[in-house]
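Order-wise, the sequence lines are chains A and B.
Following the working numbering, the numbering of the first sequence begins with 1 at its first residue and continues without gaps.
Following the working numbering, the numbering of the second sequence begins with 284 at its first residue and continues without gaps.
For the record, the hints were derived by calculation from the structure and aren't laboratory data.
Quick reminder that beta carbons are idealized off the backbone N, C-alpha and C, glycines included.
Worth double-checking, as some hints may not be accurate.
Unchecked claim - Ranges between beta-carbon positions, derived for each pair: (1) A/Ala41 to B/Lys431: 55 to 61 Å; (2) A/Val128 to B/Gln375: 37 to 43 Å; (3) A/Ala118 to B/Glu383: 32 to 38 Å; (4) A/Thr70 to B/Glu422: 42 to 48 Å; (5) A/Asn58 to B/Ile378: 42 to 48 Å.
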Amino acid sequence: MSDEAAGEREREVSDLRDQLDTANRKLAEAHKMASLGRLAAGIVHEINTPVGSILSNNETVRRTIDALRTIVEEAERNNAAPARKATALLESLSSLTAVDKIACERISSVVRSLKTFARVSESDLRRVDVHELILATIKLTGAMYRRRITINTELGDLPEIECYPGLLNQVFLNLIVNAAQAIEGEGSITIRTRPEADCVHIAITDTGCGIPAALRPKIFSAGFTTKPFGEGTGIGLTITREIVVDTHGGTIDFETEDGVGTTFHVRLPINQPRRNPHHQEHA
Amino acid sequence: MNSDHQPVIVIVDDEDMVITSLRAFLALETDYNVHGFTDPVDASKYLETHPADVIVSDYLMPRMNGIQLLGRAKELQPEAARVLLTGHADKQSAIQAINEVGLYQYLEKPWDNQQLLLVIQSAIERTQLFRSLREKITELDSAHSNLKDVQARLLRAFL
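Extracted from the complex, chain A is given alone in its bound form:
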């Protein structure tokens, strides 16, 4: 084969790799949106409750002010002290404004988590605090599972790591949702983080059913799912492994015991290798 033809082949292979890379990213993005969609019901509940309170309080406050005005006007007319009921109305107003403040904080914290989670600028390698990503994911999944699953965190003192934050969000979402789905009824998920030599270690432990021995070798394979149709895409853990191992040069493994639970260990390097801008690396 001539040098020219060899060069041509190499360019073709390189183009195909680029296309595959783009397709993988699109698949990962689609999967992330699908996961987010499944969380939507919980998020809607999380927002509708405080919105309900604020709307109700707004009307109650307006009516209470009307009632107070009547009492004060009557007192002025009679040149007497306002009726005793005024104190109770003022107390009610003060408790309602306190509730409104909590309700607004709740909504804005859900919205903040959504913003952290859904950011699309994941093509940029950035230095971020992994805890910020983990906490946003807990917030969003919490809306769905809070009633039956307690989420504990034991967060160590981590350095910021160089990563694609949008992709890592998805890793944490997949692992937390899987952990929650492994738990029947009530249970807990514990997320521990700690620094290691040149990486950060994130361990996600559930008190679920464990992964049966026969399925353990298959869990990172594409198309493998134990979930009912419509619940699992069968690519969650495949994408998780790709993002951790291929994209970030980290590692992912797990320990599991039937009926006791599973722990996934994710290790992510603090620094990504320097990339030569003229030679695009393909993970």
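Fit chain B to the given chain A structure using the hints.
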């Protein structure tokens, strides 16, 4: 329902803010006796010993969901009207609730105070009608057995 008692409304929501909002609204607009619970298990225990006219419950709660709670309420106090007030935009849970626990009304958050008040007012009326119907039936039963007794004595006297 005795007319000298204020209607009793039980509100169950694991979010304290919802209870505070509803309590403030009902206190302003009505003289109802409002009992709020953030734990459905506590609400269920309360209903074992205290009659209520209307039970308004959230759906997604820890330990016991709204349908389980209202199902228990139905066993304990079949006449009390059951209302599901949920932020869980899930029609499936609504259908399940209507079929399983005989809901009086299904409302979604964010709710409208005036609509909620209308629902509660008509629910109270319904509960009271049910209770007076039951009292009348009991009276009829007792009158009927008295009559049978008299009839038996008459028969014995003449035969």
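Would you pick out the hints that fail for this structure and give their numbers low to high? Violated hint: only 5; rest satisfied.
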